[in-house]
Structure formats: C-alpha cells, structure tokens
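A.B. asks: This is what each chain is made of:
Number of protein chains: 2
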Amino acid sequence: MSLIVHKYGGTSMGSTERITNVAKRVAKWARAGHQMVVVPSAMSGETNRLLALAKELAPSTQSEAYFRELDMLAATGEQASSALLAIALQAQGVESVSYAGWQVPIRTNSAYTKARIESIDDERVRADLEAGRVVIVTGFQGLDELGNITTLGRGGSDTSAVAVAAAMKADECLIFTDVDGVYTTDPRVVPDARRLHTVSFEEMLEMASMGSKVLQIRSVEFAGKYKVKLRVLSSFTPWDIDINIEAKSGTLITFEEDENMEQAIVSGIAFTRDETKVAVLGVPDKPGIAYQILGAVADANIEVDMIIQNISKGGLTDFSFTVNHADYAKTIDLLKNVVVPKLGAQEVVGDTKICKVSIVGIGMRSHVGVASTMFRVLSEEGINIQMISTSEIKTSVVIDEKYMELAVKALHKAFGLDQVQA
Amino acid sequence: MSLIVHKYGGTSMGSTERITNVAKRVAKWARAGHQMVVVPSAMSGETNRLLALAKELAPSTQSEAYFRELDMLAATGEQASSALLAIALQAQGVESVSYAGWQVPIRTNSAYTKARIESIDDERVRADLEAGRVVIVTGFQGLDELGNITTLGRGGSDTSAVAVAAAMKADECLIFTDVDGVYTTDPRVVPDARRLHTVSFEEMLEMASMGSKVLQIRSVEFAGKYKVKLRVLSSFTPWDIDINIEAKSGTLITFEEDENMEQAIVSGIAFTRDETKVAVLGVPDKPGIAYQILGAVADANIEVDMIIQNISKGGLTDFSFTVNHADYAKTIDLLKNVVVPKLGAQEVVGDTKICKVSIVGIGMRSHVGVASTMFRVLSEEGINIQMISTSEIKTSVVIDEKYMELAVKALHKAFGLDQVQA
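Protein chains in written order, with this note's numbering: chain W, 1 to 422; chain E, 1 to 422.
Hint data in this document are derived by calculation from the structure and do not stem from the laboratory. Glycine is no exception: its CB is placed at the ideal position from the N, C-alpha and C atoms. Worth double-checking, as some hints may not be accurate.
Said to hold, decoys possible - EDC-like, lysine to aspartate or glutamate: derived pairs with alpha carbons at most 16 Å apart:
(1) W/K55 with E/E17
(2) W/K169 with W/D240
(3) E/K55 with W/E17
(4) W/K409 with W/E392
(5) E/K313 with E/D327
Said to hold, decoys possible - Residues of chain W placed beyond 10 Å of chain E at every Cβ, according to the derived structure:
(6) A88
(7) Q90
(8) R194
(9) D285
(10) Q292
Stated by the list, open to error - One-sided excerpt, in silico: chain E residues whose CB lies under 10 Å from chain W:
(11) G45
(12) N48
(13) L50
(14) E56
(15) I332
(16) D333
(17) N384
(18) Q386
(19) Q419
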C-alpha cells in the first residue's frame, strides 16, 4: 500500500462534471489500495473573481491589513472546491473528508499573499487515512502563528501538494494538470518537441523559472529539498484509464540522478519574451559601480535577471542587465534620473524587442563544449548573441526576439531533442 | 462610548457598491465613537449557488459526512463577504479586521447545517476593539469541538449577531435588513399596517414563528434569553442619514416590558398559508389516543402545530391537527395506513385550503375578552372558525384560506392597529 498525493489544478476542477471526473479518478486510486490525499485548486476563474471584487472595493490599498483580508477572501475558493470534491467522492461511495489549511494545520509565516510553509502537522490527516478515508486538503493556504489565514501566492496549490507529500513522506506526488508532461520545448513552437519521461528537479527548476509554466517553481524547490517524487500528468485522459498505465504516464521529476535518467546532455530548450534589456553606457570604471547601479534598482523592488559588465576601455565601461517588461519604464527612469547623474555615465539605452533562449541539461555538468555548440548553431543561423549567462546546468543567451522561433527550432534539432527517446 | 453590533443581510451585501454603502454606514458609527462589531451574511445568491453545486454532485446523499462538507462549503460565502467588508472599510480609512467563526472562536455543537452556538470567546475581538479596529465576524458559522466548521442553518447570521452581542454585552444589536421594521401586519395585505416602534421579544417570537419573516426565530429566542436589545431597521436608507435619527429608527425588540412599551393590547396580526389540517374522525375515546396518534406522527419527523380533540360523543371522538404543507401527503398516508387500523377510527379527512390567523400582544396577559373580540369580529364578517388555540400572548384561529385577507383587515381595524401610535 502506498501513500499517494494527487493535485488537481483549477481547470480540472472547473465544473461539477469535471469534479465528478476527478472524484472517479481518485476513487480508482483509492480502490487500488492506495492511501490518498488530494489537493485541489479553486474552480477555475474563482480566485480571479474574488480578487476582482476586492480590487473594485479598494483600487489602491496596499497595507498589510489589506493583504491579510485578501488571503481570507482568496482562501475561500479552495475551501469550497475541496468540500465539493469530498462530496463528489462520497457520491462515488468513497469515504472522504476535507480540511482547510488551518485545520491540518499547514503552518506558514505571516507574509500575506505570498506566505511560505514552515511546518505541517500530519496527525489529523493520518488518522483519517488509517480510518480508510480519502483526505482532501485545500491547496494554496495555511495558518500563521497569529491564527490568521495566509495564502502561498499564485500556483501555490502545487507547493501545498508537494509540502503535504513531503510532510507525510508520500511515495509519490502526482500533479494533474492540463498538459501531459514536461516537453523538450514548447510544442506550439517546435512541433517535434518530445515529452520527457523523467527530468531532474534541477533541470525542472531551470525550466520552470524560464517560461515552462507547468509547475510553480517553489513546488519544485520543495520537491528537491525534501526529495519528493513528483509526476506531472494530464487530468484530461479518461478517468478510467488503466491505473498501471496512468502511474507511469506524464513526466517524473526526480531527485535521483541515476534513476532511469535520460542520457541526453541537453534535456530541454526554454525561452521567454518576458525580459527587456537596459544598458548604462560609458560609466567611469571604478570599484562599486555594479553595487551602485544594482543597489538602486533593488531598492526600487525591481528584479534583475542577467547581468553583463563589459571590459573597460579608456577607463569607461558598459553595464547591461535584463528586467521584466513590467519594470522596463521604471528602470529606464531610475537610471536616467538617479543613477546616471551620480555615476557620470554617458547614456542609458534599452531594448524591449529581445528574448532569452536557454539550453538546460544536467548532463552539461560533465560534458564540455555544450555552450560552444549552442553558439555555433546560432551563428550558422546568422543570429547575433547580445548577452550570455551560464550556470552549471544551463546556458542562456539574449537575442533579437524576431529570431526566437528559429533559434529554438535549430537548437532543438542540434541537440537531438527531436529524436525518439532510447 | 457604546459597543454596537450591526448585522447586514445578503441583499445589503449583494454587490461591491452595496458593500461600500455598508462600509460607509459602519464608518459613520465608528467615527461617532462607538466600538463596532459587524456580522454580514454572504452576498445574496452565493449560498444558493454553492449548495446547488453540492446538489449537482450528490443529488441524494444525506450522511453526516455529507452535511459536514456542506458546512465547509457554505461557510465560505460569509468568509468572503466578511473579508470584502473589511477591505471596503479600509478603503474608507477605517482600520478593520475580519474573523471567520472558527477564529473568534464561536463554539457550537456538531449538528452540521443546523448547529447551535454553545459559547463565544470574546478575547480576540475585544483586543481589536480596544486597538480601535472595526471587527467583522462571519455570520452563520462556528467551530465544533472536533475542529470542524459548522453552520447555524438558514438565517443563522441573525443568530450569530445576537450571540456575539450577548457574549460581548453589547449595548445594542442592529439588524439591518430590506424592511424598515416590524409591522402590525403585512403591509402588502393591509395597506394601513403601521410600523411598531417597540415590540416585546415574546411578541416578536410569536410573530416570527407565524410568518413575519423579518428575523430568524432563534435569534429572537437568543435575544430574550441574554437580554440583548435588538433593533430591526432598513439598510436601504441613505448611508449618511443622521446617526441620531438612524439609532431610533426601525423597531426595537426589547425584553423590558415597561420601557417605552406601546400600550396596545394587541400588537400585531400574523397569518400564514403554510399549514394544512388533518383529522381522524370517529376514534374510540380511550386514554392514550393523543399519544398514539401524535407519537406516530412525531416518529415520522412531522412537526405538528395546532391540536384539537373534540368532546366525546357516544364513546367516539374526533382528533384534528395542523401540519406544514410539505408534510401533508405523508401525514394522511401515515394516518390511513398505520394509525387508523390500530385505533379503529372511522375516517381520515384533510384540508389544504386553510390559513391560520393570529392576534399577538403582550397586553393580552392582563386584559380579558381579547379573544372573544376576535371571535366576534370574525363572526360579524361571516367567517367560520375551524380551530382555535390560545397562549398567554396569542390567539390563533384556523379559517378557510379564502377569508384570510378579509379576516386580517377586519382584525387589524378592530384592534385599532391602523391608528397612529401615541
């Protein structure tokens, strides 16, 4: 007998018909002899509906007291969907009980709207499992030490599911979603993209942070930290698919490098159009420039991704970095009005028509020349590289956004990702 | 400085615009120096929407586990509206915090969907009041000793408000609703009906149980038991009405008989078409008949209202009682198939075209002849009385439903209820 955690996203919970399908699928797993904990998201659209009401009432409020109430409000979406799923399971003849985060309790810090899980008490849930009940635990939410409801931020139900799986030492955590796994790259861009049978959590981290929106990044961190076996699979297969086939479907995100690990050096190509590039040109090259520029940017709550400082020429250097589209105008203003006068730089330039393309693969650790293959491929396609950054298992480049599709396709082919898996 | 509890019904909370109006009204009371606790219902339609989803998922489930989940589900409506009201108050510049029933906590028994409040811990709420915050407490719900969410049944938010007012020894509990008070009778039937400035909680109990649907009956019982001053008033007056005028508007339900009590002997005329009449004719008149008939009816979970046993003639008697429309067919069946064969009665008859009309007044305690005035008036109108029942402050008659309006109008006039109050 295994202890299995299922997580279902908002789309999978989007109507009573779909909730009944989820119930039938969970019932199948329970009847196969597994102890089942299920973490559902709110019905699709519900969280947005609630937050829109709050926005109407208080278009500009931003206080902590306000964020506390937003969490009280938003948490109702998962409480309702959890109760509905418990009811749907009962209608299938399966004993079931639902718990809100505070009832488990799932303890978090008090960072309303973006709280972090600190601990989970599994006693209550375990007692129900022992009594043969399927336990539904609300995703997305917890309880702080003051007794207030907190939420974990968008996509937080993934994190709840993984955290519950970690706390209960579940055998596996299955994330049912509207895609059937993690792909070598976005199939909408590269029709030859293949589903990965397994991917390491480190690769998944790099993918998740770079536009593969399959899983909330924090849930992957959590899975890695607590060594939770995580599987991403589709909730749109028929519920009565053979359980042994289903149990091996989708993509397994594993922390064990040697366990059925795919041998490819590069596992996937990630890309995003979310970034923009800004550069401060002709800065007198003195110690502390990076701090003076990036410190001011960080103080303005702007997150910086890639950072490049050119080699100094004639005592002057250029300093470039990327920020999210949403922060672009604010960053340019800040540089022009605050940073440039202070540093005596010559000019501030920016470019919003860029994209970032990354190759990700745990095999890059032990293989040389992977980055240079990437650069060669791009060069052969006549694509100019504007910025480069590397990590142990990833190489990212910034290029003109008009070449994005071309670059992704060429890299996907060059690294053999279109080949059927061994 | 007074401690005031406001309760707002679902219609008053029905849109963000209305919630903002509630916030402005509450802010006015807070700025006048009162400590404010507010108990809102769910936004109108929300509870029905949620329960309809449950019904779709499990059309016939009735287990305790199911009712527990219904409470988890339904309680989200008030949690959301409470958070929204707190946000609306913050937008008005008023410090505010919302608590779900379990956070206060409001402790109840475990009778899911119809729980009873057992105790309220006011420490947390009082600390916020002392800190100058308006406290929003969800209506309709509490926490049982197992840590499960319970709800109090339809209209339960009235009871929550009164219970909170009792626990906190509030100076007054104001129930804002879509009518502007308690009337001598239904103004839709008698255009001359007058709003009562005050009514005793005992009269209100009789009114509430007989078709005056202004307040949930349990909230009135609670108010009586804990001597909570209760005022029913309209939430549809402009929010910026002078607070001194507002504080004296509507109808005060008081437990103090001498305090500004209206001197009328009869305070109001209540009526209902909800009842039906059934009769067992020609029952051999032996001890224990009433028990044998009504015991069987009670065992079938059918609630009986008025009961009449005729004087015995030739060793046979007739036994009549009234039940709700919904139980009529079930009752007739039960009598025909179970009770009659056992008792050897001659016949079972029923009548669904009846109504019950009642005069209610605390003055009836000390005035003789009130009932006989009622009978005279009905007789003068040619209305036949089918059944009569009396209590200390009420006399009810069952008559043909086609005479209901005529009877109510005649009684309203005969007891001077159309006269302007002294």
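A.B. asks: Taking the numbered hints from earlier one at a time, note which ones the structure violates and give those numbers from smallest to largest.
C.D. replies: 2, 4, 5, 6, 7, 11, 12, 15, 16, 17, 18 and 19
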